[in-house]
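Work out the full structure, taking the sequences as your base and the hints as a guide.
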Amino acid sequence: MRLVKLEANDSRFKTVRFNRTGLSLILGQKKTPAVETKHKTRTYNGVGKSLLLELLHFCLGSNANDAFKKHLPDWSFSLTIELDGRERIITRSAGKPSDISLDGDKIALTKLNEALLFDCFQPTAGIKGLTFQSLLSPFIRSGRGAYERFDRANDGDSKAEYWPMVRNAFLLGLDLQLAQSKYQLRSRQTQLKKTMKQLESDPLFADLLADDKAGIELRQLKEDEARLEEDLRNFAVAEDHAEIEREANGIKRDLEAARRELVKTREAIAQVDRSLETKGDLDPTIVERVYAEAKIALPQAIRKDISEVMAFQRDLTQKRVYRLTQDRQALEHDRTLLEQRVRELGSRLDEKLRYLGTHVALDEYLAVNEQLNGLRQRIAKLQASKEQREKVARELKTIDLKLAEQAIKTDDYLARSSPLIEEANTIFRGFTRPLYDNLATGLAVTNDNGENTLRYKIEAHIPRDAAEGINEAKIFCYDLMMLVLRRGHAMQFLAHDSSLFSPVDHRQRLTMFQIADQLAREKGFQYIATLNEHDVTSMTPNDPELRAEFERLFAEPHVILRLTDQSPRDRLLGIDVDMNYWVKSETRPVHEGND
Numbered sequence: 007m008r009l010v011k012l013e014a015n016d017s018r019f020k021t022v023r024f025n026r027t028g029l030s031l032i033l034g035q036k037k038t039p040a041v042e043t044k045h046k047t048r049t050y051n052g053v054g055k056s057l058l059l060e061l062l063h064f065c066l067g068s069n070a071n072d073a074f075k076k077h078l079p080d081w082s083f084s085l086t087i088e089l090d091g092r093e094r095i096i097t098r099s100a101g102k103p104s105d106i107s108l109d110g111d112k113i114a115l116t117k118l119n120e121a122l123l124f125d126c127f128q129p130t131a132g133i134k135g136l137t138f139q140s141l142l143s144p145f146i147r148s149g150r151g152a153y154e155r156f157d158r159a160n161d162g163d164s165k166a167e168y169w170p171m172v173r174n175a176f177l178l179g180l181d182l183q184l185a186q187s188k189y190q191l192r193s194r195q196t197q198l199k200k201t202m203k204q205l206e207s208d209p210l211f212a213d214l215l216a217d218d219k220a221g222i223e224l225r226q227l228k229e230d231e232a233r234l235e236e237d238l239r240n241f242a243v244a245e246d247h248a249e250i251e252r253e254a255n256g257i258k259r260d261l262e263a264a265r266r267e268l269v270k271t272r273e274a275i276a277q278v279d280r281s282l283e284t285k286g287d288l289d290p291t292i293v294e295r296v297y298a299e300a301k302i303a304l305p306q307a308i309r310k311d312i313s314e315v316m317a318f319q320r321d322l323t324q325k326r327v328y329r330l331t332q333d334r335q336a337l338e339h340d341r342t343l344l345e346q347r348v349r350e351l352g353s354r355l356d357e358k359l360r361y362l363g364t365h366v367a368l369d370e371y372l373a374v375n376e377q378l379n380g381l382r383q384r385i386a387k388l389q390a391s392k393e394q395r396e397k398v399a400r401e402l403k404t405i406d407l408k409l410a411e412q413a414i415k416t417d418d419y420l421a422r423s424s425p426l427i428e429e430a431n432t433i434f435r436g437f438t439r440p441l442y443d444n445l446a447t448g449l450a451v452t453n454d455n456g457e458n459t460l461r462y463k464i465e466a467h468i469p470r471d472a473a474e475g476i477n478e479a480k481i482f483c484y485d486l487m488m489l490v491l492r493r494g495h496a497m498q499f500l501a502h503d504s505s506l507f508s509p510v511d512h513r514q515r516l517t518m519f520q521i522a523d524q525l526a527r528e529k530g531f532q533y534i535a536t537l538n539e540h541d542v543t544s545m546t547p548n549d550p551e552l553r554a555e556f557e558r559l560f561a562e563p564h565v566i567l568r569l570t571d572q573s574p575r576d577r578l579l580g581i582d583v584d585m586n587y588w589v590k591s592e593t594r595p596v597h598e599g600n601d
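Offset between the sequence shown (1-based) and the numbering used here: plus 6.
Since the hints were made in silico from the structure, they are not lab data. One thing to keep in mind: the hints can contain errors.
Claimed, not checked - With a Cα cut of at most 25 Å, we get these calculated DSS-like pairs of lysine-lysine:
#, residue 1, residue 2
1, Lys403, Lys203
2, Lys117, Lys102
3, Lys387, Lys397
4, Lys134, Lys165
5, Lys11, Lys117
6, Lys397, Lys11
The structure presented is a predicted model; accordingly, all values stated were derived computationally and were not measured.
Dropping the structure here:
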């Protein structure tokens, strides 16, 4: 793919015509002093240089841009590209970004990306992340995040390290199956570890799982389950259990009352017997002997009275014995009746208790059944948790084995592929050597065995990495290397924003453009760059011969467009508009799917 022309339906837009080969430079020049306005400072930094690269992405199928919709609702942009020697025109509405046409025919955004993907790249089948937008990004670095690291070419690359690694591995011609295999294994491993953590944090089983006592607890629960099942099988449910229980309680109360009465009756009989044994009279001779012993002589008259009294007493005693005998007979009758009642009530109570002993109430049955169900649920949950934990543990061990096997395979692969990597290293060093003389620079690809999703560790090395401008020089050399390698792509251009050049020392900056110019002319590709005026003037060499080279590089036809802040019409859009076009609509991740 080559870029031919970028234009708009608004005549105020400055049409950009790219050189078919060699340099195509867009310069931002300051015509007026920096003046603070209400919204911003007027400098060449707002004339449209970076906007140009964003418009290229927009026409080539990037996500919708909310700033374009808001500030340029009636605008549409057309990008003419060259594919396999044939010019194609892509037109896209800024206000309605889903309104896209290819050579005048409407086309959906996904279809456009799909067509461009297979026209410009040879994606490996079955490998996720090789979208057109992802693969395009290192050829048109746009956005602040695109210039932070050599291996990250867009703002989204910082969110997940795997996707830029896949893109770089693809453009280096590396085995992507190895990369995807580790990613899938590590992703599955992370998911399984999360599952294991959830299992181990379950408050119901946390202690058991932590001490690995789940098996012991499970056996005990199953024994309890068997016992409850046996209880339920032996239960005979009595629907009238409550009524029988009430009757039994009534009989028990009657029995206790009868027993108390029986005790009282028996005590009364015993009392009667004791009374019968007591003699109520005395022999008169005993009375006389007592008096005699007291030496009191009883007159005849008195002895006669005593005899009468004693006779009277005997009569009373006989009557008392008769009465007590009658009472005892009545009590014996009562005792007989009470003993019979106690036996009858005891028999009835025993019958009720035997029934209640062999039958249970429905509520009790349901309670035991509920207890059994709860136990079964606990067993099922513990069993499932134990089985899942064992399954997860086995799979984690399997993944560890597969990761080890994949690491060995990758080591073997990289050993076999050393010529492939060495070619890239040689090209990279060929670009860094003019910039940094004979310093030890180079590109290295090694096996990443870290606990991450990355299969390859791709490192572009230039000494003194902390020095100003080293990172930007590394990006420049790395991107040129990818373009020249032509592995898996048919791209014929490379575009860089002015933010790449500003931090670089002016001597290295001039050398960078000399390298790009020579390479573009020799290889027949386009090198497109936006530049600020001071970044160009600061490169002016003192040496006359070098100055002639400098003037050749930064003059027409290499300079295809000059933008200034003198008036709105001198800017790219031809109007004065303040918009944040870096913020794009969140539609779909740039790495997702295959367009």
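Status of the hints after comparison with the structure:
1. Lys403 <-> Lys203: Given that 25 Å is the threshold and the Cα spacing comes to 16 Å, the pair holds.
2. Lys117 <-> Lys102: Given pair Lys117, Lys102 holds - Cα atoms ~17 Å apart, limit 25 Å.
3. Lys387 <-> Lys397: Holds - the C-alpha atoms of Lys397 and Lys387 are around 15 Å apart, at most 25 Å.
4. Lys134 <-> Lys165: 16 Å, holds
5. Lys11 <-> Lys117: 22 Å, holds
6. Lys397 <-> Lys11: 59 Å, violated
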